[in-house]
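What follows is each chain in one-letter form.
2 protein chains.
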Amino acid sequence: MTVHPAHTRLELGDLKVPVTRVALTNGETFDRYCTEGPGSQPEQGLPPRRDEWIEERGDTEAYEGRRTELLDNGKAAVRRGAARQEWQGERRLPRKGENITQMHYARKGIITKEMAYVAVRESCDPELVREEVAAGRAIIPNNVNHPESEPMIIGKRFLVKINANIGNSAVTSSIAEEVDKLTHAITWGADTVMDLSTGDDIHTTREWILRNSPVPIGTVPIYQALEKVNGEADKLTWEVFRDTVIEQAEQGVDYMTIHAGVLLRYVPLTANRVTGIVSRGGSIMAGWCLAHHQENFLYTHYDELCEIFKQYDVAFSLGDGLRPGSTADANDEAQLSELRTLAELTTRAWEHDVQVMVEGPGHVPLNLVKENVDLQQEWCHGAPFYTLGPLATDIAPGYDHITSAIGAATIAMHGTAMLCYVTPKEHLGLPDKDDVKTGVITYKLAAHAADIAKGHPGARDHDDALSRARFEFRWRDQFALSLDPVTAEAFHDETLPAEGAKTAHFCSMCGPKFCSMKISQDVRDRFGGNDGASPEEVEAGMMEKSKEFAAAGGRVYLPLAD
Amino acid sequence: MTVHPAHTRLELGDLKVPVTRVALTNGETFDRYCTEGPGSQPEQGLPPRRDEWIEERGDTEAYEGRRTELLDNGKAAVRRGAARQEWQGERRLPRKGENITQMHYARKGIITKEMAYVAVRESCDPELVREEVAAGRAIIPNNVNHPESEPMIIGKRFLVKINANIGNSAVTSSIAEEVDKLTHAITWGADTVMDLSTGDDIHTTREWILRNSPVPIGTVPIYQALEKVNGEADKLTWEVFRDTVIEQAEQGVDYMTIHAGVLLRYVPLTANRVTGIVSRGGSIMAGWCLAHHQENFLYTHYDELCEIFKQYDVAFSLGDGLRPGSTADANDEAQLSELRTLAELTTRAWEHDVQVMVEGPGHVPLNLVKENVDLQQEWCHGAPFYTLGPLATDIAPGYDHITSAIGAATIAMHGTAMLCYVTPKEHLGLPDKDDVKTGVITYKLAAHAADIAKGHPGARDHDDALSRARFEFRWRDQFALSLDPVTAEAFHDETLPAEGAKTAHFCSMCGPKFCSMKISQDVRDRFGGNDGASPEEVEAGMMEKSKEFAAAGGRVYLPLAD
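The listed protein sequences correspond, in order, to chains A and B. Mapped onto this note's numbering, the consecutive letters of the first sequence carry residue numbers 1 to 562. Mapped onto this note's numbering, the consecutive letters of the second sequence carry residue numbers 1 to 562.
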C-alpha cells in the first residue's frame with residue numbers, strides 16, 4: 001500500500017533503519033520517519049529481523065512454551081472444537097531469558113542494537129537513548145518474541161508517538177479486517193498498535209497481527225482473561241490472568257495494559273461521578289473487588305507480573321482504570337488516588353528493570369490538562385505518560401477525533417510521550433479502516449504540533465518544506481509532503497481538476513487573475529536581500545523599486561493560466 | 001432545515017430571544033444558544049425585526065441612497081448590460097444617523113434593546129453588556145440597514161463566537177449556492193458570516209445574503225473595489241474604495257475588514273519570510289504601496305472611514321494583512337509591527353465611538369499562541385480579538401480544520417473573542433456546503449472547549465447533560481444533545497443499526513455481554529450517597545454490599561439485548 005508515487009521506503013546503514021524519502025519536483029528530497037514496515041503477505045508475515053540481534057546477546061533460550069487451548073479463542077472455538085483461520089505462517093518456539101529488558105541493558109551501560117537503531121530514527125546520540133531508558137524516562141517496547149518489530153522509543157525527549165487501537169468485539173469484525181486495519185494504521189503513521197479484541201478468536205487474531213506488525217503491539221490481557229471465565233468478572237482469578245499473560249508474552253506482545261491501580265478503597269470514590277468508571281479494564285477490576293471485597297489481584301501479585309515481564313521484555317502500560325469519562329469528572333480524587341498508586345507501581349517495576357509507561361485520561365477541560373502531565377511526571381519520576389486524547393469537551397460525538405486532538409496536542413506539548421488516538425466513532429461504534437486512517441492522521445498532526453511547540457530539533461523542517469512548496473506553487477510537492485497526499489490532491493481537484501492547475505501559479509481561493517502569494521513574491525524580488533539594510537537604504541531601495549515597478553506597468557496580477 | 005426532531009426553536013420574552021429547546025426522553029429539556037434564525041424563503045428574505053427598535057430611537061432617517069451601478073456586479077454585468085439574479089424581495093431605502101453606534105449609546109449609559117437582547121442570549125446582566133461595549137472590550141455588530149439580524153455580542157467576557165466564510169470566486173459558485181452555504185452555516189451554529197466573494201455579481205450576491213441572514217454579515221470591501229478597477233491594485237483609489245464602503249454600508253454590512261495597518265515601511269519586513277504575505281487584502285495594499293510608494297490610503301483616510309462607519313454602525317474588523325502564512329513566520333517583526341498600528345487605529349476609532357475588533361493569525365506554533373492574544377489585548381486595550389485558527393502546523397492540508405481548531409481552542413481559552421473557521425479545503429480550494437458544515441461544527445466544539453476552560457458560567461451544563469445521557473444509555477438524548485445529531489446517530493447505526501440498540505444498555509465497544517458503564521452504575525447503586533461518609537462507614541458499607549452482591553449472584557454483566 002503506497003501512499004504517494006513520490007514516496008519511497010529506504011533502509012539506511014547496517015541497521016537498515018527505514019525512512020520515507022519524498023522526491024520533490026525541484027530536485028530536492030525530504031526524508032520522513034517511516035512506520036509502514038517492509039510490507040508483508042498476511043499469510044506469511046514479516047521476516048524476524050531482530051532474531052540475530054537477540055541471538056547475538058545469547059541471554060535467551062527457546063523453549064517448548066505453553067500449549068494453546070481452544071478456550072484461548074473463546075467459547076465459540078470450544079463449541080466448534082477448533083479455532084478459525086489458524087495462523088498459516090512460520091511458527092517459532094517462544095524465547096525467554098532471566099532479565100532481558102532494554103532497561104536492564106541500559107542500566108549496565110550497554111547500548112543495544114535496538115538503542116542504536118532508535119538513535120538513528122530519532123537523529124540523536126545513542127547515549128541519550130541509553131540514559132533515558134536507564135532512567136525510566138523512555139521505553140523501547142520490543143518483546144523478544146516479536147522479532148518482526150522495528151524498534152521505536154517512547155519518551156518526552158523524543159518525537160511524540162501515537163498509538164492506534166484496533167480489535168474486534170462481540171458484535172463486529174473478522175481476522176482479515178483486523179489485519180487490514182493494522183496495515184492501514186501503520187501505513188498512515190501509527191507508531192504502535194493495540195489489539196483490544198474482546199470477541200471470539202482473540203488468540204488467533206493477535207497471532208496474525210503480531211506476525212504482520214513492524215510496530216510494537218500492545219494488549220489489555222484482562223479482556224481475554226474475562227472471555228476465559230465466560231465474561232463474569234467475579235470468576236476471574238490470578239491464575240487465569242497469569243496464564244493469559246504468559247500466553248500473550250510468548251506470542252510476542254510488546255506492552256500490556258495492567259489495571260493494578262484500581263484499589264478496593266478507590267472504588268467508592270467514583271460513586272458520585274457524572275460518568276462513574278468508563279475504563280473497561282477498570283470496571284472489570286472494580287467489579288471483581290466488589291464481588292470479593294478483596295484487594296485487586298493485579299496489585300497483590302504485581303511483583304510476580306514483573307518477574308514474568310522481565311523474562312520477555314514486556315513493558316507495563318499502567319492502566320488508568322479510574323480515568324474520567326466526562327469533563328465533569330476530570331482530575332478528581334478517584335483519578336488522582338489511582339495515579340499515586342501507579343507511581344508506586346512504577347518504582348516497583350523499575351526494581352526489576354521492567355520498562356513502564358503510565359496511562360492517562362480521557363476527558364479533561366483544557367485548563368486542567370497541564371496539571372495531569374505535571375502531576376504524572378512528578379509522582380512517577382518522569383516515566384513516559386501515555387494519554388487517550390484527552391477530549392476537551394463532551395458535546396461532539398462523531399467528532400471526538402477532533403475534541404481529543406485539541407487535548408492531545410496540548411498535553412503532548414507539556415510532556416506526554418505517546419498519544420492514543422481517538423477515531424470519529426468514539427462513544428458510538430467500532431472504527432472501520434477509514435476511521436482508523438482519520439484517527440491516525442489526526443493524531444499525527446496533533447503529535448507534530450506538539451513536537452514543534454516543544455522546539456524538538458528539526459521538527460519544523462517538515463512544515464518549512466511544505467510551506468515553501470506552497471509559496472512557490474509547487475502543488476505536487478505540497479501534496480507529496482502532506483500527511484495525507486491523497487486527500488490533499490483530491491480536494492484540490494474538486495475545484496481545479498485541470499492538469500494545468502497542478503502547475504498553475506494561482507489557487508482557487510483567489511482565482512487566476514489575482515494571487516496574494518504572487519504579490520509577495522514581487523516584494524521578495526524587490527527586497528529579497530534586505531537583511532541588515534538600514535531604514536534609509538530600504539527607503540531608497542523602495543523609491544527606486546517603485547519607479548521600476550511603475551515602468552514595468554505595475555502588474556500585480558497574473559497571466560491567465562491556459 | 002431542522003437539525004433534529006427533538007429540537008424546537010422558541011422565542012422567549014418580549015424581545016423574542018431565540019433558543020433551541022432540546023426535548024429529552026427523560027422528560028427534561030435543555031436550551032441551547034440558537035443561531036439559525038426564523039427561516040426564510042430566499043426570494044423574500046427575513047422580516048426586518050429590528051426596524052421598530054431603530055425607529056423608536058428616532059436618530060436615523062431614510063434617504064435616497066447611492067445609485068447601484070452595473071460595475072458593482074463586475075465587468076460581466078457591464079458586458080451583459082444587466083446584473084444576474086436581481087434581488088426580488090422588498091427594497092428599503094437606506095438609513096443613517098449622525099452617530100448611532102452601540103458604543104455611542106453605551107457610553108451615554110443607555111442600555112439599548114440590542115444590549116438587552118444580547119444579555120438574555122448570554123444569560124448575563126444587561127449592565128455588563130453596556131459596560132463592555134462602552135469600554136470597547138465587546139462589540140455588537142448590527143448595521144441599521146441590516147434589521148433582519150438578531151443581535152449578538154463579541155467579547156471575551158461572553159461566549160466565544162465563530163465566523164464562517166462563504167463567497168464565490170472567479171472560478172466557482174453561483175448566488176444560489178452562496179445563499180445555501182449561508183443557511184448551512186447558521187443552521188449548524190455560525191455566529192457571524194463573512195461574504196468574501198471576489199468574482200462576478202458581488203453586489204447582488206451580498207444583497208441576497210444580507211436579506212436572508214439572521215446573523216451579522218462581514219465583508220472585505222477591498223475585494224469588490226479591486227474588481228471595480230479591473231483587478232489592478234495600483235489603480236485603486238480612496239474614492240473608489242470610499243464609494244464601495246458606502247455601497248456596502250447602505251446594503252447593511254455589519255462589519256468590514258479594513259487592512260489599514262499594512263504600512264509602506266512594513267512591506268519590506270516580509271521579504272525574507274518563508275511565505276511572505278498571504279492575506280489577500282494585505283497583499284493588495286502592499287501592491288498599491290509599492291506601485292505608488294505612498295502610504296496605504298486606508299491609513300491616511302482612516303478618520304474619514306470612521307465618519308462613515310458611525311453613521312450606519314458598521315464595526316471595524318482591523319485586518320492583519322501581514323499575518324504569518326506558515327509557522328516559520330509566526331510572531332515576527334512584520335506581524336507585530338502591524339499589530340502596533342492596529343492598536344493605534346483601535347484608539348482612533350474609539351474617539352468616534354466606532355466599534356472595533358482586531359484580526360489575528362494565521363499559522364502559529366502552540367508555544368507562541370498565548371503571546372499573540374496577550375500582546376493584542378495589552379496593546380489594543382482589550383478590544384475583541386478575532387483570529388483565523390491559528391493553525392498549529394503546516395503539514396496537514398486537507399485536515400486544516402483540525403490543525404487550526406487546536407490553535408483556535410487554545411487562543412480562545414486565553415481570551416480571543418471570535419474564531420474564524422477554517423474548512424478542510426483551506427489552502428486547496430473553496431468550501432462547498434459540506435465543508436461549511438464541517439468547519440462550523442469543528443469550530444463550535446473548539447469555541448465550547450474554550451468556554452469550559454475559561455470557566456464560563458454554565459458552559460459545562462451542556463457537557464454534563466450529554467454525559468449523563470451517555471452514562472444512562474439514553475442514546476437518543478446523546479444524539480439530540482450532540483453538536484451534530486445526524487452524524488452521531490449515523491455512526492451509531494453503522495455498527496448497531498437495530499432499533500433496539502437505540503435503547504439498549506450497552507454499546508458496540510464492549511458488546512451486549514459486558515459494559516463498563518453498567519458496572520459503575522452498580523457501584524453508584526451501592527455507594528450512591530457516600531458524600532461525607534467516613535472511611536470506616538464506607539468500609540463497613542462495602543463489606544455489607546459485597547455480601548448482597550455475592551448473594552445476588554455477582555452479576556457484573558448485562559442481559560443480552562433482544
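There's no promise every hint is true.
[To be verified] Here are the computed lysine-lysine pairs in the DSSO-like style, where the Cα-Cα straight-line distance is at most 30 Å:
1. Lys454/A with Lys454/B
2. Lys502/B with Lys433/A
3. Lys454/B with Lys370/A
4. Lys502/B with Lys370/B
5. Lys370/B with Lys454/A
[To be verified] Which chain A residues face chain B? A few, computed with CB under 8 Å, are given here:
6. Ala77
7. Val78
8. Ala271
9. Val274
10. Pro397
11. Tyr399
12. Ile406
13. Thr410
14. Met413
15. Gly415
16. Pro424
17. Arg468
[To be verified] For each label pair, taking beta carbons as the anchor points, the in silico distance ranges come out as:
18. Asp461/A with Lys108/B: 52 to 60 Å
19. Trp238/A with Lys370/B: 14 to 22 Å
20. Ala490/A with Ile111/B: 49 to 57 Å
21. Ser123/B with His381/A: 51 to 59 Å
22. Ala135/A with Lys433/B: 37 to 45 Å
Calculated directly from the structure, the hints in this document are not laboratory data. For every residue, glycine included, the Cβ atom is placed at its ideal position computed from N, Cα and C.
TODO: Please name the hints from earlier in the document that this structure breaks, with their numbers sorted from lowest to highest.
DONE: 4, 6, 7, 15, 19, 21, 22
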